[in-house]
Amino acid sequence: MTHSTALRSIVRRTEVTWGLVAAAVAAVLPLIYPSTFLLNVGPQILVMGVFAMSLNLMLGYTGMVSFGHAAYFGMGAYTLGILMQKTAVGLAASLVLAVAGAALLALVIGFFCVRLGTIYFSMLTLAFAQIVYTVVIRATPLTGGDQGLIGGIPVPPVRLGPWTVALRSPLAFYELTLSLTVAAFLLAKVLVDSRWGLLLRAVRDNGDRVEFLGASARGLRLSAFVAAGGFAGLAGALMALYVGGAYPDFVYWTKSAEPIFMVLIGGMHTLLGPLVGAAVLVGLTAVITQYTSLWGLVLGAILVAFTLFLKVGLLDFGAERWRSRAAAAPGNPPVGGVARAREAK
Amino acid sequence: MDLGAFAQCVSSTLCVVSQLTSALITGLILFLVASGLSLVFGVMGILNFAHGSLYMLGAYLSFSLLRLNFGVATVAAALGVAVIGLLLERVFIRHVYRAPLLYQLLLTYAFILVLDDVAKLIWGYDFVSMGVPDAFRRPPIFIGRAPVPAYYMFIIVVGVVVAVGLWLLLTRTRFGRIIRAAADNPTMVAALGVNVAAVSAGVFVLGSFLAGLGGVLAAPVRSIFPGMGFSILVESFIVVVIGGLGSVAGAFVGALLIGFVRAFGSVAFPALEEGLVFMLMAAVLLTRPRGVLGVGKEL
Amino acid sequence: MTRGGGPLLELAGVDAFYGRAQALFDVSLTLRRGEIVVLLGRNGAGKSTTFKSVAGLVTVRGAVRLRDRDVAGLAAHRVARLGVGYVPEDRQIFPHLTVAENLDIAVKPGPDGGVHWTRERLEEIFPILAPLRRRAGGALSGGEQQLVTIARTLMGNPDVLLLDEPSEGLAPAIVKALAGLVERLRDEGVSILLSEQNVRFALRVADRAYIIDSGHIRYEGTVDTLRGEPEIMKRYLAV
Amino acid sequence: MALLDVRGLSKAFGAFQAVHHVSFAVEAGEFSALIGPNGAGKTTLFNLLTGHVPKTAGRVIFDGADITHRSPHDVVHLGIGRAFQRANVFPAMTVLDNVHAAVVAHERAHRDPLRAARRDAAGRARALEVLEWVHLEGAAELPAGSLSHGDQKLLDIALALALRPKLLLLDEPTAGMHPEERRATMALVKRLWRDLGMTVVFVEHDMDIVFTVADTIRVLHHGELVAEGPPAAISTNQLVIEAYLGEGVL
Chain A
3 MTHSTALRSI VRRTEVTWGL VAAAVAAVLP LIYPSTFLLN VGPQILVMGV
53 FAMSLNLMLG YTGMVSFGHA AYFGMGAYTL GILMQKTAVG LAASLVLAVA
103 GAALLALVIG FFCVRLGTIY FSMLTLAFAQ IVYTVVIRAT PLTGGDQGLI
153 GGIPVPPVRL GPWTVALRSP LAFYELTLSL TVAAFLLAKV LVDSRWGLLL
203 RAVRDNGDRV EFLGASARGL RLSAFVAAGG FAGLAGALMA LYVGGAYPDF
253 VYWTKSAEPI FMVLIGGMHT LLGPLVGAAV LVGLTAVITQ YTSLWGLVLG
303 AILVAFTLFL KVGLLDFGAE RWRSRAAAAP GNPPVGGVAR AREAK
Chain B
375 MDLGAFAQCV SSTLCVVSQL TSALITGLIL FLVASGLSLV FGVMGILNFA
425 HGSLYMLGAY LSFSLLRLNF GVATVAAALG VAVIGLLLER VFIRHVYRAP
475 LLYQLLLTYA FILVLDDVAK LIWGYDFVSM GVPDAFRRPP IFIGRAPVPA
525 YYMFIIVVGV VVAVGLWLLL TRTRFGRIIR AAADNPTMVA ALGVNVAAVS
575 AGVFVLGSFL AGLGGVLAAP VRSIFPGMGF SILVESFIVV VIGGLGSVAG
625 AFVGALLIGF VRAFGSVAFP ALEEGLVFML MAAVLLTRPR GVLGVGKEL
Chain C
849 MTRGGGPLLE LAGVDAFYGR AQALFDVSLT LRRGEIVVLL GRNGAGKSTT
899 FKSVAGLVTV RGAVRLRDRD VAGLAAHRVA RLGVGYVPED RQIFPHLTVA
949 ENLDIAVKPG PDGGVHWTRE RLEEIFPILA PLRRRAGGAL SGGEQQLVTI
999 ARTLMGNPDV LLLDEPSEGL APAIVKALAG LVERLRDEGV SILLSEQNVR
1049 FALRVADRAY IIDSGHIRYE GTVDTLRGEP EIMKRYLAV
Chain D
231 MALLDVRGLS KAFGAFQAVH HVSFAVEAGE FSALIGPNGA GKTTLFNLLT
281 GHVPKTAGRV IFDGADITHR SPHDVVHLGI GRAFQRANVF PAMTVLDNVH
331 AAVVAHERAH RDPLRAARRD AAGRARALEV LEWVHLEGAA ELPAGSLSHG
381 DQKLLDIALA LALRPKLLLL DEPTAGMHPE ERRATMALVK RLWRDLGMTV
431 VFVEHDMDIV FTVADTIRVL HHGELVAEGP PAAISTNQLV IEAYLGEGVL
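Chains A, B, C and D, in that order, give the protein sequences. With my numbering, the residue at position 61 of the first sequence is 63, and numbering never jumps. With my numbering, the residue at position 261 of the second sequence is 635, and numbering never jumps. With my numbering, the residue at position 199 of the third sequence is 1047, and numbering never jumps. With my numbering, the residue at position 124 of the fourth sequence is 354, and numbering never jumps.
Pulled out of the complex, with its shape left as it was, chain A reads as follows (with noise of 0.2 Å):
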C-alpha cells in the first residue's frame, strides 16, 4: 500500500522535477553555448509545445479530438496583434486580453461542440475554426486580411527591478518564452492534478458513468474545451511576438494538425509529452530542413516507423516500461476484493 501511494507520488513529482530540470538546461544552454539555430528554434519549440500541451487538455485528459484548435490560437496571436500595433495596452495586458479572448472564442464555439461525440466533434470545430479563418481573411481592416498583421509588432523594452530588458534581442525573447513556457507548465500541471482534472479524466475513460455520478460530462468538456484554447491564446499570442506579426495560416487547418502530431508523438498522458512532441517534430523538422529540401520525405519516414513500431507516444512508452518494472517489484500487495470478501465471510 504505501509502496505504490509513495510510487505514486513519485511519478506525480517527476514530471513537475523533470519539467524544471529540463527548463533549467534550457535556460542556461544559450548563455553557455549561444547558437543562432537554438535562439531561432528553441521559441518555436516552447511555442509549439505550449500550444500541443494546451490540446492535450481535451485530447489526452479528456478524451475529445479536436481538429480546430487553430482558432484559438489564432486568436491569442491577432488579440495580441491588433492590441500592440493599434492601441497603447501594454505587453502584459495584451497577454491577459489574448488568453481571455480565446477562451471567450473557446466559450462559444465550445458550447456546440461539446454537444457531439467522437468524429463529429472534430469536424465541427474544424467547421468553426475554418470559419474563424475565413473572418480573419475578410476583415481586412482590422486584421490585414490576405496580408496578415504585417509591419512588426512595437514591443517597448520590459522593466525588471533595475534592469530594462530589450525583448527584441532573440536571448531575451527566448528566456520570456521559456518562463512563460514553465508558468503555463506549473499551471496545467495544478490543473490536471486537481479534483477537476480528476473529473476530466474520468469524463475520458467513461463519460456516461460520469453522468451515473452526478456531474455533467458536457460541463466538465466544455470546461476543458475552454481551458484548452485560453492555453492555445498564450501559445498564439506568443507566437505572435515571436513572428512579429500574426498571419492567416495561424488559423488554418493545418496549424490544428501540427499539435495532434505532436502529442502523439511525445505521449497524450503527460503535460510533458506534448512539449516533448513539439521538440522532436519542430527540431526535426528545423534540422533536416538544413540539409534537404524534401524534409517530408525523411519525417514522414520517421513518422511512418514510429506508428508501426513504437505505438506510443514517447513518454507515454517511457513511463510505460518503468511503471511494468514498478507493477513486477517485489512487495506489491495482494489484490483481488472478491477473494478478500471471501475470506471475510
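Incorrect hints may have been included.
Here are the simulated lysine-lysine pairs, DSSO-like style, with alpha carbons at most 30 Å apart [unchecked claim]:
#, chain 1, residue 1, chain 2, residue 2
1, C, K1082, C, K1024
2, A, K191, A, K313
3, D, K396, D, K420
4, D, K396, D, K285
5, D, K420, C, K1082
6, A, K313, B, K494
Since the hints were derived computationally from the structure, they do not count as laboratory data.
Starting from the known structure of chain A, fit chains B, C and D onto it as the hints suggest.
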C-alpha cells in the same frame, strides 16, 4: 453578401449553365474521391488521411502517361493508383487496424509528407498544367445558347457512370453485399466463411482506384502540384460527414451539395467563399448530427 | 452412428479468454454425427463463449477438434469453410441487407464440396422465407430473424450447426415450429449443438445434455437421465 | 412513508411496452430483490427510476420529492446510487482515482473554482475508506481496467457507495462470478446495507441467493409487476413459476 449578382446570374441562362456545369464537375470529382474515403472508412474503420495524396498521384500519373494516349492514360493512371493503394494497405495500414484512430491518422499523415515529396522528386516543385487532352479540343456543346466545354461533359458523364456503377456494384453483386454486410458486422461475415481481410484489401484498392480516377479526371482542369491532395481531402471529409459516415449514397448527395454551394455560393456570397462549405457542415452537424443520410453508425 | 472414428466435433480441455478475463475453464464436450446435443446453463454461464470457441471468435487454449482436425486458433472464416455453421444468440442479421442478400452472403459448398442447401430447398422447408425475400433484415420480427439466420447459415452447407439460444424471445407457437425444424435438420444430416435457457424446449429436441455453470461443465448425460435429476436441474438451472 | 414510491410507471419503445403500469413502494431500510426473465424490463425500470430514460407515463416519488421529471444528476444528488450489470468503471484510472472522482462529483467540489483547483487529501482519504468497505484498498493504485471482472464489479458498487446513497440500485451485482464468489459478494453487500443504513434494491438471477438474502422480492415479467412479497410467498406463486419455467412454451 451580393444577392444582386446572384439574382442577375439566375436570370441569365449563360450564367446558370456555367455555374451548373461548374457545380457538377466539382461535385462529381469530389464524389469520386469522397466515395472511396467513405467506403474505406465504412468497411475498415480507417480514416485515411493519405486519400487526397492518391488523388494527387492520379493526376500526376495521368499527366505523365498522356503522352501515350488519353484513353490509356486515364485507365492506367487510375489502375496505377489502385496498385499503390494495395501496397500501402498490405505493407503498412493492415498493421494499424486495431490501433487507436489517431495513430491511423498519424500514419496516413506521414504518407502525405512522403508522397508529396516523392511527387516533388519526380515531377518537380512547381505547378504543372496539362491542358485539355487533344481528343477534347473541339467546339463546346451548346445548352440553349450556353457553351459547355466538351471535356466538362466528359467529366460529368464519367462521374455519373461511375456513380451508377458503384451503386450497382454495392447493391447487385455479391462483393457489394459482402462489403455492406462487413460495414455492419465484420465478425458475422467472417463466421459465414468470408475472408474479411481479403475483402478489406479489396475495398482499399477500390477506394484508391476511385481517388486516382478523381485525380485523373481533374488533371486537365486543375493545376497539378505537390500538396494538391490536401484541400480535396478536407472537402472529402466534409462530404463523408455531411452524407453520413460510410454511406456512398450520402457521399453522392453531399458531394453535389458542396459542388452547388461552391458554384452558386461564390456568386451570392463572394466574401464568404472559403467558409461556405464549412458553414454547410456546421449547419448539418448541428441539426442532423448523423449526416443527411446517416444511418447512425457510431464511431 | 460415428463415421471415421472420433466424434464430429470435440472440445477437450478448452479455456477461453476475453482479453485477460477467462470465461471458460477446462471445458470438454463432444458432438457425434447425427446428434442434437444441448448445452444448458444460466445467463452468463459460458454457453455463448463455448460456441465462439468453436467458431474461432474468441482466444482459446486447449483442443477444438472437427473431424479429428484441430481447429483451435483458426480464423473464423476458415472454421466456417470446414463446415461449422454458427447462429449467434443475438442473431446478427445484417439489418441493411434484404433477406435474399443476407442469404446470398453465406453461399458456399459444404466441407465435402457438396451443395445440399439451395434457396429453393430452404424456401420449401421455411415457407416463410419466400414472401420475405425483399424485406430488409432489420425490419423483420424476432422470430423471422431467427429463421432467416438459420437459413442463412445453412446456405453455407455446414455439417455442424451451432445454435445459440434459438428460442430466446420467441412466441410459444414459433418455439414449437423451431423444435420441428431442428429435428428436421438433424434428419437431413446436420449435427446440432444447441444452447438453451428454455429447458423444456431443449429437453424435447436434444439427445444428450451438458450443463455449464461459471465456465465449468458441471453435468453430462442423456436427456432422459437429466430428467431424473431434479436436484441438478434446480441447482444449476433454477428449475 | 415509503422511501421510493412508484406509481403506474410505463415505458414504451415504439410499439414495445418495456415497462407497463408498474406500481410499488420501497420502504426505507428494505433489502429487496427484483427478479424476472431476460427482457422482463428490469434494467429499463432502473433507467426510469434514475431519470436516464424518459417516462411514457407514471410518477416516481423519492424521499418525499417528486422526481418523475428530474434530471439524472438531480436524482443522484437526491440520494439514488446505482451500479451496473457490466462493470461500469473508469478503466484507465487507478482504483483510488475512480472512487475519488465519485467523491468529488458527490461533493460537487469541481464546480467551485477555488476548491476545484486544489488537491484534495480529505477526499482521497474518504475514497480510501470506501475502498476498504469493499476490500479493494490493496488495489488502490492499480488501473481499474487491470482488475478481475469480479473486482471491477465491486469497484462499480464502490463508486455508487461514494455518493452516500439512501437508495442503492444494483443491477446483477454478481453477474459473471463463481457461485462461491456470488455468495460472498452478496454477503458483503448485505453487510454494507446494514452498516451504512441504506435501502437496497438488487437484480439477481441466482434464485438461491435471492431467496436467502432478500426480505422482499418483486417479480417483473413482460414489463409488468406480477408478484411482490416475502420469499416464502413468492416461491409458491404460480405466476412466478410460469414466468421462470416458461409454462405454456411447449
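Tested hints:
1. C:K1082 / C:K1024: Holds - the C-alpha atoms of K1024 (chain C) and K1082 (chain C) are around 24 Å apart, at most 30 Å.
2. A:K191 / A:K313: holds (25 Å)
3. D:K396 / D:K420: holds (14 Å)
4. D:K396 / D:K285: holds (22 Å)
5. D:K420 / C:K1082: holds (24 Å)
6. A:K313 / B:K494: It holds: about 29 Å lies between the C-alpha atoms, which stays within 30 Å.
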